[in-house]
Amino acid sequence: GAVVSQHPSWVICKSGTSVKIECRSLDFQATTMFWYRQFPKQSLMLMATSNEGSKATYEQGVEKDKFLINHASLTLSTLTVTSAHPEDSSFYICSATGTVAGELFFGEGSRLTVL
Amino acid sequence: QKEVEQNSGPLSVPEGAIASLNCTYSDRVSQSFFWYRQYSGKSPELIMSIYSNGDKEDGRFTAQLNKASQYVSLLIRDSQPSDSATYLCAVAGNKLTFGGGTRVLVKP
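Just so you know, the sequences run in chain order A and B. The letter at position 5 of the first sequence is residue 7 when you use my numbering, and the numbering goes up by one with no holes. The letter at position 85 of the second sequence is residue 293 when you use my numbering, and the numbering goes up by one with no holes.
No lab work stands behind these hints: they were computed from the structure. Careful: at least some of the hints might be erroneous.
No farther apart than 27 Å at their CA atoms in a straight line, the calculated lysine-lysine pairs in the DSS-like style are these [said to hold, decoys possible]:
#	chain 1	residue 1	chain 2	residue 2
1	B	250	B	275
2	A	68	A	43
3	A	43	B	303
4	B	303	A	57
5	A	66	B	303
Just chain B, same shape as in the assembly:
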């Protein structure tokens, strides 16, 4: 079992819709959770961090954390073509571990 798992996608969503990305992790002692966005051929950039159970909103992005179920999700509202990218979930416990990423395609 991978330490951090994501559906590789592609997740295809129409412009203006909500994109929902999920991530599960295996290490129960994980304390910090991050979502990074990576455009093709570019390096990742941090878009969200979440540390406690519940929802955290930042603009069109909402991160959701459920430590009991060991999952963290990312919602992208009003999806735009510019949101088309690979989204990497990262979990920090003793070390930072990245998931394989979910490729998102927003179609105009």
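The following block holds chain A by itself, in its conformation from the complex:
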């Protein structure tokens, strides 16, 4: 299957700072990537759909000014958590679609802890 790499795998930051998470498709071009958030013992929640060369589409309830998504190339999408607060602490996972809609290849995930 396709390889999606995410970096960093974990990050600890102070409240009020911004954190950038990178998601790369290593062996294919991903015109669309998805960003999920997962709190402990809960399922994946789609945050936004990232489209190369255009604005991301955010799910209801997700603040687009807080979670900045940039998909500047066919192999890289970034999620920036701006002015992070402890309630933003979560497991953030990116994914890309393979040849079949719904078959997602996930990055390793990034665990964010905001102190």
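Mind docking chain B on chain A? Use the hints.
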């Protein structure tokens, strides 16, 4: 009613037994169905996909789909301790929706 529902578990099965996981969905126009496995602290990985009614087998895994009853299931035969994980059901219609996951514990 949640769009995709799963029993959260944990589903405890002895090693070598069959683990049976169920998933129901509400959107009748759903066309594609997936099972993902997620180990604790890791991201999900796709293990099965099924698109038409009936059974689909892949190694020790069998997915079953019944669109009329709006359920999809996953059977894990000869369960191994390494199968202990959370299994996420995902349904694709207009968008991909995940269930809450079923935690499976395989005891040696």
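Status of the hints after comparison with the structure:
1. B:250 to B:275: 31 Å, violated
2. A:68 to A:43: 24 Å, holds
3. A:43 to B:303: 23 Å, holds
4. B:303 to A:57: The given pair, whose Cα atoms are some 18 Å apart, holds under the 27 Å limit.
5. A:66 to B:303: At roughly 20 Å apart (the allowed maximum being 27 Å), residue 303 (chain B) and residue 66 (chain A) satisfy the hint.
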